[in-house]
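Q: What follows is the residue order along each chain.
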Amino acid sequence: MDAKTANTKTGSSKPSDARALRADIYDFNSAYAACIDDGDIMLWPDFFTEDAVYKVIPRENWDQNLPLATIFAEGRGGLIDRTVAITKTTVARPRYLRHFISNIRVLGTDTGVIRAEANYMVVETMPTEVTRILSAGRYLDKFVYEGKELKLKQRFCIYDSEIVPATIVYPF
Amino acid sequence: MDAKTANTKTGSSKPSDARALRADIYDFNSAYAACIDDGDIMLWPDFFTEDAVYKVIPRENWDQNLPLATIFAEGRGGLIDRTVAITKTTVARPRYLRHFISNIRVLGTDTGVIRAEANYMVVETMPTEVTRILSAGRYLDKFVYEGKELKLKQRFCIYDSEIVPATIVYPF
Amino acid sequence: MDAKTANTKTGSSKPSDARALRADIYDFNSAYAACIDDGDIMLWPDFFTEDAVYKVIPRENWDQNLPLATIFAEGRGGLIDRTVAITKTTVARPRYLRHFISNIRVLGTDTGVIRAEANYMVVETMPTEVTRILSAGRYLDKFVYEGKELKLKQRFCIYDSEIVPATIVYPF
Amino acid sequence: MATQLKNSPLNFTWPEEGFTRVPYWVYTAPEIYAREQEVVFGGSAYSFIGFECEIPNTGDFRATKVGSKPVIYTRDETGQVRVFANRCAHRGVQFCYETHGKGKTEFICPYHQWTYNLHGETIAIPFRRGLKKQGGMPKDFDMKQHRLQELKVATYNGTIFASFDHGMPSFEEYLGPKMLHWVNRVFNGRPLKVLGYQRQRLRSNWKLMFENIKDPYHASLMHVFLVSFSLFRADNPSKVQLDGTGLHGVQISQRGEQKHDEGTEDIRQNIAHLKLANPNMLQPEKEYPGEATVVMQTIWPNLIIQQQSNTLAMRQIQTVSPQEFELHWTYFGYADESEEMTMKRLRQANLMGPAGFVSADDSEVMEATQFGVANYPEAKAVVEMGGRDFEDTDHMVTESMIRGFYSGYRKIMGL
Amino acid sequence: MATQLKNSPLNFTWPEEGFTRVPYWVYTAPEIYAREQEVVFGGSAYSFIGFECEIPNTGDFRATKVGSKPVIYTRDETGQVRVFANRCAHRGVQFCYETHGKGKTEFICPYHQWTYNLHGETIAIPFRRGLKKQGGMPKDFDMKQHRLQELKVATYNGTIFASFDHGMPSFEEYLGPKMLHWVNRVFNGRPLKVLGYQRQRLRSNWKLMFENIKDPYHASLMHVFLVSFSLFRADNPSKVQLDGTGLHGVQISQRGEQKHDEGTEDIRQNIAHLKLANPNMLQPEKEYPGEATVVMQTIWPNLIIQQQSNTLAMRQIQTVSPQEFELHWTYFGYADESEEMTMKRLRQANLMGPAGFVSADDSEVMEATQFGVANYPEAKAVVEMGGRDFEDTDHMVTESMIRGFYSGYRKIMGL
Amino acid sequence: MATQLKNSPLNFTWPEEGFTRVPYWVYTAPEIYAREQEVVFGGSAYSFIGFECEIPNTGDFRATKVGSKPVIYTRDETGQVRVFANRCAHRGVQFCYETHGKGKTEFICPYHQWTYNLHGETIAIPFRRGLKKQGGMPKDFDMKQHRLQELKVATYNGTIFASFDHGMPSFEEYLGPKMLHWVNRVFNGRPLKVLGYQRQRLRSNWKLMFENIKDPYHASLMHVFLVSFSLFRADNPSKVQLDGTGLHGVQISQRGEQKHDEGTEDIRQNIAHLKLANPNMLQPEKEYPGEATVVMQTIWPNLIIQQQSNTLAMRQIQTVSPQEFELHWTYFGYADESEEMTMKRLRQANLMGPAGFVSADDSEVMEATQFGVANYPEAKAVVEMGGRDFEDTDHMVTESMIRGFYSGYRKIMGL
Ligand code: FES
Ligand code: FES
Ligand code: FES
Ligand SMILES: [Fe+3]
Ligand SMILES: [Fe+3]
Ligand SMILES: [Fe+3]
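Protein chains in written order, with our numbering: chain B, 45 to 216; chain S, 45 to 216; chain D, 45 to 216; chain X, 649 to 1063; chain P, 649 to 1063; chain Z, 649 to 1063.
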């Protein structure tokens, strides 16, 4: 069916391409999460554009317009440096992370840049410990299509969980 | 593709308009959550019809057919009163809420009223405290389209988390 | 719209039938969760094929290629035996479970068998206790269509939450 | 919490000012909490258990707690209400897994199926005589000596109270005529019906709940909603009454007009112009004789009887740890009331409970109090509003009931 | 938990009836728990550590706990198994972060890279001699005096046990011939293989796990699944044996036919007609001499050896707090067994573990016991099934092993 | 934690070796923790509170904690900084709900609206004189005697410190000239600006944070990132200084070249070839006189002043329980600095905090230490690197500052 009939059929308030867009973002986020939770963290930078900016930001800083981030990776290089640190230099205990990404919202598109949001929760399981909530918050995203592939031009993880339990080793 | 080809192609068991319907509900719920988590609570009543009924109900009451709700807002007016109380009269400590709405199920449509369900989890972060689960449960929804916009004619939040940690300030 | 126009319109990287497929799996998982969380556990085996294999596996066993599962149900019969034990022989305290299934990924289809993954979280509420995370992990699924209905030929629940809080009564 | 030994002295010294001060260690010390379980909840007091209408028939039952101690209440074949520790006489299992149920003719512990009749007597012990002449209990084993621990039960006009002390006087004597008068107001013999439950856990010591409700002073100040709608105002006619021990108390007040005057000039947040978009939430109907529209009665050691306009509820306090308690709300009405009246109660219930327009303020401030005092054990509260003694008053501008509470508390605790 | 001082007296008095009673404070008191860490797990006992086949090669290692005390076990270059406290000799870091691994030639603490060989000896301390003639350890600092704390290790037919007391007798002497006989049944020298792990945390005191498994009485009553399929029945030929201390014990039983008769008339939930939709889950194959099909052996202070039909597992108890313990299950088989036999074990594993058709009952009832007793410290369990002493029996209708357990426990704890 | 009684003796015996040993019960015992709240954080010490620039105007305020004790800091109408316990003088409510705010002319407790001016004086008590001649506070009630508990405040070049002991000497005297010298380096009177906050909770005793930062020895070994980029190397010119008490200390060091030689041969994980894909994260710019590029100063009892290249932060320690503390990071720069410099600080912030390329190692190892020591209360740390006394050194190969810390700690704690 095309968007119009969809709308008449269901009163759908969204054009079909917005649907497809959200579906692409859903698939992107699922792959993104799987890369961190079960995959190879070294591939994580591939979800971003060359000039991407990735930040993990305490909500209080964001709300008070304070510029400090907890993670501030500039460009593909900055993302790669983070993965190198995680795998080569950081002396951290092993742990499992699991991402839950929901409530994806496509906010709009300007000149090929898609603004979107989502709620995320990351739960952490340390060896011999019960699973706990590591971080809950919101993604503020900017996506672009490189060919048929979505890439993140920006991902800001604004976290409600301002008191971080111990250490953030892997990205949100 | 139209619904039929979709079905033949993928064996899809759902007509395409049911898909669009669920997609609309997904978008609705995402906007609903964003309004509470990051937006202006005063706009929350706009997600409901004029004659809507919103209830937050302990699962034990629901299961025993006991009529008591923890929140019982009748009509747009009742919803507005709740937002006024939240913003003007309630003396509550600041907190962050974050909604996770998943497993959306469209149960059926009778005379324009769409019955749907979803599982929800609301996590709460108090200042200087770690994030905790405030409430997990199920939405029992009735939606209608007003023009192209979905509105809630009914949202019952049946909560498993019968022992409420402290206070419910914002809606689920 | 057909896949191609979709793609040109949105640069979508997925053919529309993959979309429909994921949508079917989403609906399947929602119904699956509702059956356990709010429905009749005796109907749970109906979500599987006659020759299905259902396992709940500690992630450490999976990662070390150790064959032991925590639940190992072979075929419809094994699933039925589990439901009989739950309802007739197990002496367990009452509890509520609530499933959150997200990040669904369709990995591919070979000869009618659809391989898919998802992240799941199951939260548990015991009477007079606060809600806690019972288990978080990943579904490794194999689906087939029986007519228009999806069925699970395989569901492996690989759980991060290796230290199980008390007892697993209901399936993940 | 199990480490407190009977009769061991508590190494705490109450401030010399007496009950006009409350030392903050009383809200946090594990030794105090353990002693409370022993002499307050486990001692000579009638704790609220539930309603008779919750267990109308023989074999109906519900689980609850007295302080932290799990118990069940049920009705035996003679129609008598029984309350038992939810602890198997054999090896202590909380044998009743369900929170409520019906149709029991006996209680069977899941572990070894020791079986108790509705009187709590042990009526069956599997393999008691052994099997094929082997094993079994000793010949001289006396099942009568090993039964469910029963509490002394008092039922009063549909309510159920119980005590671990079987030497307790009658409930009427325990409360005394002054307190009983107010109990009779709501519990006048009219059959009751339960409308539903609400439950919340607060990171706060249980005594702060009593301080809160024995404190009419705060109600006219903190509860902007109450005040703005004049549901409760310091300048409305009102009074406070206590029993001789100071442990029980009641505050009585009446609704006024929405206004702005002396009563509210002290109340900064009063919003005189506040209006309800849906007024049907607040259309109380008079249902009791006299002018009182609000009666909040506290019954030692675990109950608040709430009558605010048409919303009626029992608030039962359960303790969890020194710094946590739970409040279990049972909303009720009368079995024979009109649907309209029931609907009024359900609508007015928006005032109360974990999300109540009024009670939310209280749960927030109780946790805020705990957080304020927990790490200042050397400091103490000053409780002098309305004087330094405790007596009845014809006004609300007093902490008299709090002083009374701690006067009685200290005697019982030996502090 | 660190506050218990060596040799300080415990202010608790055991009931005068002796080991036919268990006072409920024993499951909750922090002082008891701290003392147990000191004299039970930290004392003169062999705790189960793991299997040799888990660390087949030099430098393989795994982490576990003795009570609450973190340790690692590894194999040195001579092939000898070593067990060390997972606590750096320098400033106490749990230096081994991984739960398991291989190929270590030394252990390096991440903090300052103090380095230990596979004997636990300190072989390198960075900057020990300082840097450019500055700093470093004192000249007289003796690395030998600062090494990993090693436990005395006993390996027995593929199993690994260890003790903090280096004056322990041999494992054989510790167990004694009667207990060793049953250990030999499963651990007969045949090479083992691990099939996998299951772990669960229970809000229950660790001793309730031993009470549960030393209690054949409950098995024939609570476990409807076991009984219905006659995998375990009170009227099946069976016996109970203890060692002299009472601390170790074993119950031996054999499968019967599915039936309904005297053995089950006492068992209300027996479902004689119960059938499996997929029977392959329960097709046990005889693999040991003799008639016994179920042998459950408890070895003080932290082990249950499970042989139920073809499902074999070690259940290791780890303590978390006075009211929490963890059960760590290691399922195993024999390295040289057939795939069919391994598959039988994996299928029968459905009986056991956190989701076991049988064991789920136990984890539920252990928490229910803790909840039942935790707030009644003044009450006590009565343990008189099968008499008031502890001795071997030719039947299952007894709590003999529980009495034996507390007889030994009291001596060790000085209670 | 409220159960510790003033002046009651602590039943703990420090190892005879003195401050070259740290007994592990010091990290877990509730009695120790309670005493620390009383004599360390509640005693004669200046705790770091925050920055003046966080509360530039009258009525601006922020909430924080001194140890576990909630306080607020604000600025009065005279421009003076005030610090008050966040505990109502009436009945203890943590009256300030917000974490920060502005424009207060007074603080009003939500419970009964007792009102405090910006000096902490009680200026209004609703119904103090009663209402319509009824109730109210006793005639002789003196509001002056019931005010917010105020702390003695010391501001120093934009920083705010406070003490519960009003008999404290000046901050300058408290620190002494040697320590003050290094404080002056960063806090030289230049106006400051806050760049943001980071907060984390560690399951570790608070003293392990000081041990970590007073330990230059580990930095050159554990922090592969630091070492690989030569941001900190044992063989870089560096020194350690302490004040007379041993409680305050500072380590000073300077950046070197990326290289592999004696300084790193002991460091197994040094990755000499490591390169940054985006080098702009590490392009420090000299901003202070002298060669030092890293100055880490510890100020008793709750502060670390961090200057690593261009990343400046105050790390404030807050205690949560014996086995938990929180680290609250406030990153700052200078109000008049260039955007480029601010950007450098924000980029270099990747080194620090809960996700810091360097600090992540520390938070991980601090928890690993707690887990290593918590269940071995009978064991102890050995702290002999660099000798057995504490003194200033011209090198980093020493635990001198840790010995100094425990020397002072024992005196204050009476251990
Ligand atoms: S514990 Fe209840 S029957 Fe044994
Ligand atoms: S603590 Fe292990 S090397 Fe220092
Ligand atoms: S507690 Fe603050 S005003 Fe009463
Ligand atoms: Fe109130
Ligand atoms: Fe059992
Ligand atoms: Fe460090």
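No lab work stands behind these hints, which were simulated from the structure alone.
Check each hint, because a few of them may be wrong.
Computed cross-link-like contacts, DSBU-like style, restricted to lysine-lysine with a CA-CA straight-line distance of at most 30 Å [what the hints assert, rightly or not]: (1) Z:K781 with X:K887; (2) X:K1059 with P:K781; (3) X:K1028 with Z:K800; (4) P:K781 with Z:K1028.
One-sided excerpt, in silico: chain B residues whose CB lies under 7 Å from chain Z [stated by the list, open to error]: (5) L87; (6) E104; (7) D107; (8) G119; (9) G122; (10) I130; (11) T134; (12) A136; (13) P209.
The beta carbon of each residue, even a glycine, is placed where N, CA and C say it ideally should be.
Q: Each hint needs a verdict: does it hold in this structure or not?
A: Now the hints, each set against the structure:
1. With a CA separation close to 14 Å, the supplied pair K781 of chain Z and K887 of chain X stays within the 30 Å bound.
2. For the proposed pair K1059 of chain X and K781 of chain P, the alpha carbon gap of about 70 Å is over 30 Å, so the pair is violated.
3. Pair hint K1028 of chain X plus K800 of chain Z holds up; C-alpha atoms about 21 Å apart against a cutoff of 30 Å.
4. The hinted pair formed by K781 of chain P and K1028 of chain Z meets the criterion: a straight-line CA distance of about 28 Å does not exceed 30 Å.
5. The interface hint given for L87 of chain B is violated, since its Cβ lies 15 Å from the closest Cβ of chain Z, which is over the 7 Å cut-off.
6. With its C-beta approaching chain Z no nearer than about 6 Å, E104 of chain B sits inside the 7 Å limit, and its interface hint holds.
7. The closest approach between the C-beta of D107 of chain B and any C-beta of chain Z is roughly 10 Å, which is over the 7 Å cut-off, so the hint fails.
8. Among the interface hints, the one on G119 of chain B holds; its C-beta lies about 6 Å from the nearest C-beta in chain Z, closer than the 7 Å criterion.
9. Annotation: G122 of chain B was flagged as interfacial toward chain Z, and the flag holds, the nearest CB pair being 4 Å apart, inside 7 Å.
10. Interface restraint check for I130 of chain B: the shortest CB-CB distance to chain Z comes to about 9 Å, outside 7 Å, so the restraint is violated.
11. Below 7 Å, beta-carbon pairs count as interface contacts, and T134 of chain B has one with chain Z at about 5 Å; its hint therefore holds.
12. Restraint check, A136 of chain B versus chain Z: the minimum CB separation of about 5 Å is within 7 Å; hint holds.
13. With a cut of 7 Å, the hint placing P209 of chain B at the interface with chain Z holds, because the nearest CB-to-CB distance is about 6 Å.
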